[in-house]
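The listed protein sequences derive, respectively, from chains S and W. Using my numbering, read the first sequence as starting at 353 and increasing by one per residue. Using my numbering, read the second sequence as starting at 1443 and increasing by one per residue.
The set of hints was computed from the structure by calculation and includes no laboratory data. Some hints could be false.
Said to hold, decoys possible - List time: in silico DSSO-like cross-link candidates among lysine-lysine, alpha-carbon distance up to 27 Å:
(1) K491(S) <-> K551(S)
(2) K354(S) <-> K422(S)
(3) K1781(W) <-> K1846(W)
(4) K452(S) <-> K354(S)
(5) K1718(W) <-> K363(S)
(6) K1718(W) <-> K559(S)
(7) K452(S) <-> K1751(W)
(8) K363(S) <-> K452(S)
(9) K452(S) <-> K1718(W)
(10) K1710(W) <-> K363(S)
(11) K491(S) <-> K559(S)
Each chain, written out:
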Amino acid sequence: MKLLLVEDEQKTSDYLRHGLSEQGYTVDVARTGSDGRRLALEREYDVIVLDVMLPGEDGFSVLRGIRARKQTPVIMLTARDLVDDRVHGLREGADDYLSKPFSFLELVARLEALTRRGRPQEATHLVIDDLQLDLLGRKAQRAGVRLDLTAKEFALLSLLARRQGQILSKATITEQVWDMSFDSNTNVVEVAIRRLRAKVDDPFARKLIHTNRGMGYVLEVRPEEAG
Amino acid sequence: MKRSIATRMAAMFAVAAFIVFSVVGVALYRILAWELERHQRREITTRLEFMAHMIGRQLTVERWANVRMKLDAMTPMDGSTQFWVIGPDPRFEYGEPSPELRRRLLERGDGVIAVGAVGAGQEERPMTILTQVVPAGGERPEVRLTAGINAGRFLDTQRFFATALVLVCAAGTVLVALLGFRLARLGLSPLARLSAEAQAISPENRAQRLRPQLHSNELSDLTASFNGALDRMEHAYAQLEAFNADVAHELRTPLTNLIGQTQVALGKDRPAAALKEVLQSNLEELERLRAIVNDMLFLARADRGAMAKNRERASVAREIGATVEFLDVILDEAGVSVKVSGDAQVPIETSLFRRAVTNLLQNAVEHSDRGAEIRVEVEPLPTGGGTGAGAGAGPGAGVRIAVKNAGEPIAEHHAVRLFDRFYRVDGARESRGGNHGLGLSIVKAVASMHGGTVFASSGGGVNTVGFTVSGGGGGPESPQATRPPPARTVDGA
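Bound-form chain S, shown alone:
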């Protein structure tokens, strides 16, 4: 996956390049709008991350330049939390936008959505270690024991299972499970995860649901961990 990052701020571009490389992207960085446009037009990228506030030529102008010739997916980063910015950007042909401050996990999630990478496989049956999920029948069992889950608990568990090994932020979980697309200051996810753990993990020696402090939650098999 080739990704072009157009960002003038040194620190931001450094950590984004580092982080995105670790996520498996091949990252090129452009520091100015004109460099960004030139690279975007010369080379082939799977996705472009474009900052709005650039010295000289701004992000919207770069976007227009790219859109004149290419349909590479573009995600815009804006420091201005203006609806106008977003409307403007989307009308110019951006595929998505994130306003600063944004979380890195959020950016990764949006990038995956744009590149159609990491799409959960549309399986009807998932098996992770001794956990078995029947997505159609909405049944879960572990080590042969039927788990008695509420509808939301099942939704949460199946989300984690379909994205196994991937850290899911609170925001992603809230949006996917409850269709709440805003930053809620509630601890709904914490409580829901705790309750889910009580049913899925607590009775068993090997834990599957893990907390990544400050990041989110992940479901995966970690053989060395004792609990």
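Knowing the structure of chain S, use the given hints to seat chain W on it.
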């Protein structure tokens, strides 16, 4: 360039005075002219009638000499009065009029008074003349007797009077303008005082107000509205100051933690696990900061008057239901139940609406005892504008969402400030319960983005907090009654 009010008023006074003086002047001139003419006519008529009577009795040429003598006697040397008699017989004539004058005298009708130049050459002068026909008698034919009096002095009087009038008018106009200017300045002096007083008000003494008792009655409305504006400004200013202080406080604590923790961590060589621990803790603080900043940006947007853009007609009860479902685990943990009553279809931006309801319910849960019931009451508001389609939730009607929970009564002065940013009834700022004191401010922002307001009241052991949403002004009113069910949820329960 802007002219002063006093100058304008002086100019207006001058124009008014000029008009009045002109009308009066013209009238006076007319009266004078009429009076002079009357005077001349009377003077001339007396002489004419006397002479006509006398001529009437002289029937022969011999006797005509008497007429000549009499007329000579009556003609003063200064030429102020003159007589002419003309007729077909030159023997019965007097005054030797020139052919030109003769022609003009014959043109005059009987008894018509006229002013014209009489005489010839240097003798020519303006005269007022009146002619009377004396019927024939004896050997004397019919003759025309004409008397003329010198009109020069009357005309001079009239001319002098006109000149004097024009000068007096001009002087009067100038005088009125000057007086008007002084008077306007005098009359406007309360304004100058008001302005001086207003100038004394600066950000340093914001509490100072204009004193209405010092100013004229006409200015009391102005002082009142000015003071009202000052009140609002002061309130906004104070709120801003408090807000800045709160922001500084809210951000300072986590920032201090971040800096300190990081410095401590880096102060010594530590195992990776310990460093990871610090980073994780930092991340938590940073997430909190991010949430605060995002919320404040959101509030700032609402403050700037941003409106919800993607409003779609939706069932309010259904949206509240989705929110209750979202908060289900929290409600369950707190041992609190929620009962929703009423419904309405209004255009709302669902994510904003759910956010507001989430915050309201969260607030209610925090202030409810275990086992309590939170009631959410949805009431359609009567249509604001024309009472078109019946009562209730007709198109364009808004809706009122009230969240009620039993709890400690909220004092009136707390209730009004409940929606202020970072405001906490207990005065304590430290609340680690996820909510950083912007929850109800966000409700207010969402309400205003939907053209609604917020309200809070306390009574009978029940606290009510809620907001309204206007019915009009939504985006395209989709024909379907409700928004399609959320499709992305995995189970769709």
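Consistency of the hints with the structure:
This hinted pair checks out: K491(S) and K551(S) have alpha carbons roughly 13 Å apart, not beyond 27 Å. As the CA atoms of K354(S) and K422(S) are separated by approximately 15 Å, the hinted pair is consistent with the 27 Å bound. This hinted pair checks out: K1781(W) and K1846(W) have alpha carbons roughly 10 Å apart, not beyond 27 Å. Restraint check for K452(S) and K354(S): the C-alpha separation of about 23 Å stays at or below 27 Å, so the hint holds.
A threshold of 27 Å between alpha carbons decides the hint, and for K1718(W) with K363(S) the separation of about 20 Å falls inside it, so the pair holds. For a cut-off of 27 Å, the pair hint linking K1718(W) to K559(S) stands: about 21 Å separates their Cα positions. Between K452(S) and K1751(W) the CA atoms are separated by roughly 21 Å; this keeps the pair inside 27 Å, and the hint holds. With a CA separation close to 14 Å, the supplied pair K363(S) and K452(S) stays within the 27 Å bound.
Of the pairs offered as hints, the one joining K452(S) and K1718(W) holds, with about 25 Å between alpha carbons and a cut-off of 27 Å not exceeded. This hinted pair checks out: K1710(W) and K363(S) have alpha carbons roughly 25 Å apart, not beyond 27 Å. Between K491(S) and K559(S), the direct Cα distance comes to roughly 19 Å. Compliance with the 27 Å bound is thereby established for this hinted pair.
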